[in-house]
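Asker: Quick mapping for you: the protein sequence lines, in order, are chains A, B and C. With the numbering used here, letter number 345 in the first sequence gets 369, and the count goes up by one each step, no holes. With the numbering used here, letter number 166 in the second sequence gets 190, and the count goes up by one each step, no holes. With the numbering used here, letter number 78 in the third sequence gets 102, and the count goes up by one each step, no holes.
It is worth saying that the hints were derived from the structure and are not from the lab. Among the hints, a few may not be true.
Claimed, not checked - Computed list of lysine to any residue pairs in SDA-like fashion (alpha-carbon distance at most 25 Å, straight line):
{"hint": "1", "chain 1": "C", "residue 1": "Lys336", "chain 2": "B", "residue 2": "Glu27"}
{"hint": "2", "chain 1": "A", "residue 1": "Lys114", "chain 2": "B", "residue 2": "Ser202"}
{"hint": "3", "chain 1": "A", "residue 1": "Lys171", "chain 2": "B", "residue 2": "Gln335"}
{"hint": "4", "chain 1": "B", "residue 1": "Lys114", "chain 2": "C", "residue 2": "Ser202"}
{"hint": "5", "chain 1": "C", "residue 1": "Lys289", "chain 2": "A", "residue 2": "Asn341"}
{"hint": "6", "chain 1": "C", "residue 1": "Lys114", "chain 2": "C", "residue 2": "Asn102"}
{"hint": "7", "chain 1": "B", "residue 1": "Lys171", "chain 2": "C", "residue 2": "Asn341"}
{"hint": "8", "chain 1": "A", "residue 1": "Lys336", "chain 2": "C", "residue 2": "Lys171"}
{"hint": "9", "chain 1": "B", "residue 1": "Lys289", "chain 2": "A", "residue 2": "Lys114"}
{"hint": "10", "chain 1": "A", "residue 1": "Lys171", "chain 2": "C", "residue 2": "Arg86"}
{"hint": "11", "chain 1": "B", "residue 1": "Lys336", "chain 2": "A", "residue 2": "Asp256"}
{"hint": "12", "chain 1": "B", "residue 1": "Lys114", "chain 2": "C", "residue 2": "Trp357"}
{"hint": "13", "chain 1": "A", "residue 1": "Lys336", "chain 2": "B", "residue 2": "Asp339"}
Stated by the list, open to error - Derived, one-sided and incomplete: chain B residues facing chain A with beta-carbon distance under 7 Å:
{"hint": "14", "residue": "Asn341"}
{"hint": "15", "residue": "Asn350"}
{"hint": "16", "residue": "Ile351"}
Note that this is a predicted model, so its numbers are computed, not measured. All residues carry an ideal CB built from backbone N, CA and C; glycine is no exception.
The chain contents come next:
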Amino acid sequence: MPEQTFPLNTWYAAAWSHEIKRELSARTVCDKDIVLYRRSDGEVTALEDACWHRLLPLSMGRLQGDQVVCGYHGLVFNAAGRCTFMPAQKTINPSACVRAYPVAERHRLVWVWPGDPALADPTKIPDFHWNDGADWVGEGGTFYGLKCDYRLVIDNLMDLTHETYVHSGSIGDEAITSAPFEVTHTDRTATVTRWMIGIEPPPFWAKNLGRPGPVDRWQIIYFQAPSTIVGDVGVAVAGTGAPQGDRSQGVNGAFLAAITPETEKSCHYFWNFVRTFRKDDEEFTRALQRAHVNDGQGVYDQDHAVLEAQQKAIDRNPRMPFYNLNIDAGALWARRLIDRMLDEEHSQRIPVPSAAAE
Amino acid sequence: MPEQTFPLNTWYAAAWSHEIKRELSARTVCDKDIVLYRRSDGEVTALEDACWHRLLPLSMGRLQGDQVVCGYHGLVFNAAGRCTFMPAQKTINPSACVRAYPVAERHRLVWVWPGDPALADPTKIPDFHWNDGADWVGEGGTFYGLKCDYRLVIDNLMDLTHETYVHSGSIGDEAITSAPFEVTHTDRTATVTRWMIGIEPPPFWAKNLGRPGPVDRWQIIYFQAPSTIVGDVGVAVAGTGAPQGDRSQGVNGAFLAAITPETEKSCHYFWNFVRTFRKDDEEFTRALQRAHVNDGQGVYDQDHAVLEAQQKAIDRNPRMPFYNLNIDAGALWARRLIDRMLDEEHSQRIPVPSAAAE
Amino acid sequence: MPEQTFPLNTWYAAAWSHEIKRELSARTVCDKDIVLYRRSDGEVTALEDACWHRLLPLSMGRLQGDQVVCGYHGLVFNAAGRCTFMPAQKTINPSACVRAYPVAERHRLVWVWPGDPALADPTKIPDFHWNDGADWVGEGGTFYGLKCDYRLVIDNLMDLTHETYVHSGSIGDEAITSAPFEVTHTDRTATVTRWMIGIEPPPFWAKNLGRPGPVDRWQIIYFQAPSTIVGDVGVAVAGTGAPQGDRSQGVNGAFLAAITPETEKSCHYFWNFVRTFRKDDEEFTRALQRAHVNDGQGVYDQDHAVLEAQQKAIDRNPRMPFYNLNIDAGALWARRLIDRMLDEEHSQRIPVPSAAAE
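Extracted from the complex, chain A is given alone in its bound form (with noise of 0.2 Å):
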């Protein structure tokens, strides 16, 4: 059994708000099969995706009310994730019952807990106010059971050199390569901050500023433990004080994604690009999301193909851990961030206190 990769006891993105309705849908997170659905009362419940008796998945079965009926033998589970009817058995094992995973709605995601729910804290939900639709406009979507662990996808963003050669032939820039950076850190937060003074826009920003003439460009990604990570990113008329805050002679844009581990080797990655310029141009909204991912000829698209290339060369070459680079200082960040999730969890794991038997 190879050592977990990522910590429980914390908060994942499970699904956009609205792909999740008064129906059942099934989700792997962290390993753990996850029977989702929306209640007559608009809040979501998540609950284990295996009956207590036979183990068919609940997705298999249906809604009634508020309270899932297997789809094998009938019994029901109430969004509590205890049993509230046997067939053909008036009294029920009081003991039956399926794990509930604690679940919240914020930033249009539906967020999951899968560690202790005694320990689940709706004010730890990443802060990700950047994809409420509101401040920042843009429409995104979801890698589901993309083929890498989580951790590739956040190498992938704390560096952005690899624009440069993974997107060449679209937002890649030497400019990015050369640009020095800066790392600093948190306790659960690391942010990676890298201007460009005085540099040509590229194409994109250029056509979006709508001016002539040099700018000052930034990329300040900021990753918040385990595996949420938003970058802000725009360009500035140069000398008009961007690096100093001042970015009214600019625009600016931000990439958001948070990352759900499936699995020890696969992930879901919610992304989006939101941006604060042509908020009501709703043409350039999908065109922005059909420049990230479309049908293998996004930008995205262009990382997921490395991502999972990547993974399979891991798989064959157990040469880890892996050589680093000046560039990586980010990403190592990240992980260490990761790691001392993982040692704090370690440290203090005391046997799950769960209705379900496990």
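With chain A held as given, fit chains B and C onto it using these hints.
Answerer: Chains B and C alone, transformed into the frame defined by chain A:
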């Protein structure tokens, strides 16, 4: 190596009689690869499906009279598994042979005995006379390579409350779940008997009974260890004595199942649904067959989906044994009888006398 | 970990020369992922196909002059495997490199040496001059990723009695099975010689000899350890001295095989069938190629099916070693020579000096 879950010293259905012709057919039974063919005298032979010499499946070769010619180097094996020809040499290694499995044809099925040939006893072939095509009429089929432990099929059939949920759109009926039942057993058999007295008949039975009014409905499920099940089902006009044995005012059918382990996690499920009414109506026969299996639309197709999903869930949730309900009493007896057979076999285990080196 | 079945300190065919161009080609040899490309000086380079930094296959990158640029972060490796560029840093870690495999081009094939580079000796490249396209003419092909242990292909070719059974519809002939043969060997080679004196020629040879009457037919199979085979085959008018060395009254062909382990259970099978007659007849060349491999219809396609089925059977029947017949004498010598190479390699095993960390 997990513990073996199926007894070997017993008869298992390997094919329908009509499937075995004057040609080579491959079948895996209890993890043993077997080649089957019909000899010129009309009897069936079952040999180990791997050439003594270089292991090529003999089923890739050809029949020469009643002998099998290997498709690689032409070694010939007779119906006893003994090598009778080796290429380019006159002396034949006397130890050169493949295993010959005891085989018997009965009740329109070909049965093989994968264990010690010395113990093979034709009187132990399960009673499956319902399938003979005489008193009872019907045409079934086989789910070859159903991806689940054969015992999950037994669990499924020994408790028909699942019909209410899995087959809610067709044969399911709340009356099944609410009716009491009784389980009896012998050394090698278990029987679940359920009577629903004075109920409204479900549509299928109402139509075939052809008379209005309440009925007495029965489901008598007869298990013969390790894996044969006959379900005697029907309805009679209420109060005409069916529970006491007089079925003259009723209609009677039987579902038949011979379930053969292919591997630890897959099986061949030979099924039929036979009846004693409208016996000459061939269109009805075909309609009943289609009602059970029809490109994913039949009632057994629904079980198929549930059984394979259940096996996957078991593989992901190694928290066996199952929790049980009252409704599982029949299945539990079936498993208990299987376990007894396994224990007996284990305690008697001595090297299998076989000409083939193993 | 099963014992390794292929020696590493030897030359294996990795590609046809015409397949390696000014672009990156991936190939797995002896479980080692390799990227091949032709340099501007026309020579071929073979590097480890996993970037030193993050393991992405270099074959997903691009060629820049004679160097390879990784497709993820742009690290550049020269043809010696040494890193010459790292993004965003001026100092290059001197240990940063990937393995460079010794490579040689000869006989229209590209050969690589997967073992200790210090031992690579071009004089040890197998004699495969029949493939040069000069004295002998023919066009072959490759079964890449044939799903069997490379030694099964050797077994297949070292004993041609299988032609009688596998290729009964085409080149098979009872005379092969009944004719005696002789096996000789040296330290690194084994030779099976079979003469069929005064027989009726099979259709292919009769037609190409162009003269009626009996022939002396030969099959002289020459094995060079670990996995190169040349089968000198032909017929001459009976009694004209062919067994004594005078083939002037005959027609002569040769089947060529260079078999390269890809993994323990798969291989690349480079084949050709060449001849010394009708050398200018290109239509005949194409017809012969199609006769061997033709969308599953050629004689080698028949072997392909047998070999993969045999591997599957071996995986299911771990009762090795095989039983042997007289006809296996040639194959047994081949395996003995392979085993000797493995023993030698094992006894000499010292840490491979390599700049890459392993």
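Asker: Lys336/A and Asp339/B were given as a pair; does the straight-line alpha-carbon distance stay at or below 25 Å?
Answerer: holds (24 Å)
Asker: Do the alpha carbons of Lys171/B and Asn341/C lie within 25 Å of each other, as the hint requires?
Answerer: Holds, at roughly 21 Å.
Asker: Compare the distance between the alpha carbons of Lys114/B and Trp357/C with 25 Å, and conclude whether the hinted pair is satisfied.
Answerer: holds (22 Å)
Asker: CA of Lys171/A to CA of Gln335/B, is that 25 Å or under?
Answerer: Within the cut-off at roughly 23 Å; holds.
Asker: Taken at face value, is the distance from the CA of Ser202/B to the CA of Lys114/A at most 25 Å?
Answerer: holds (10 Å)
Asker: Is the hinted pair Lys289/C and Asn341/A satisfied, with a Cα-Cα distance of at most 25 Å?
Answerer: Holds - the C-alpha atoms of Asn341/A and Lys289/C are around 18 Å apart, at most 25 Å.
Asker: Taken at face value, is the distance from the CA of Asp256/A to the CA of Lys336/B at most 25 Å?
Answerer: violated (42 Å)
Asker: Taken at face value, is the distance from the CA of Arg86/C to the CA of Lys171/A at most 25 Å?
Answerer: Measuring from Cα to Cα gives roughly 24 Å; hence the hint holds.
Asker: The hint names Asn350/B as touching chain A; please verify it with the least Cβ-Cβ distance against 7 Å.
Answerer: holds (5 Å)
Asker: Holds or violated: Lys289/B with Lys114/A, Cα cutoff 25 Å?
Answerer: violated (34 Å)
Asker: Is the interface hint satisfied for Asn341/B? The criterion is a beta-carbon contact with chain A at less than 7 Å.
Answerer: OK, holds: Asn341/B within 7 Å of chain A, min 5 Å.
Asker: Quick one, is the Ile351/B hint okay against chain A at 7 Å, beta carbons?
Answerer: This interface hint holds because 5 Å falls under the 7 Å limit.
Going through the hint list in order, the structure does not satisfy hints 9 and 11.
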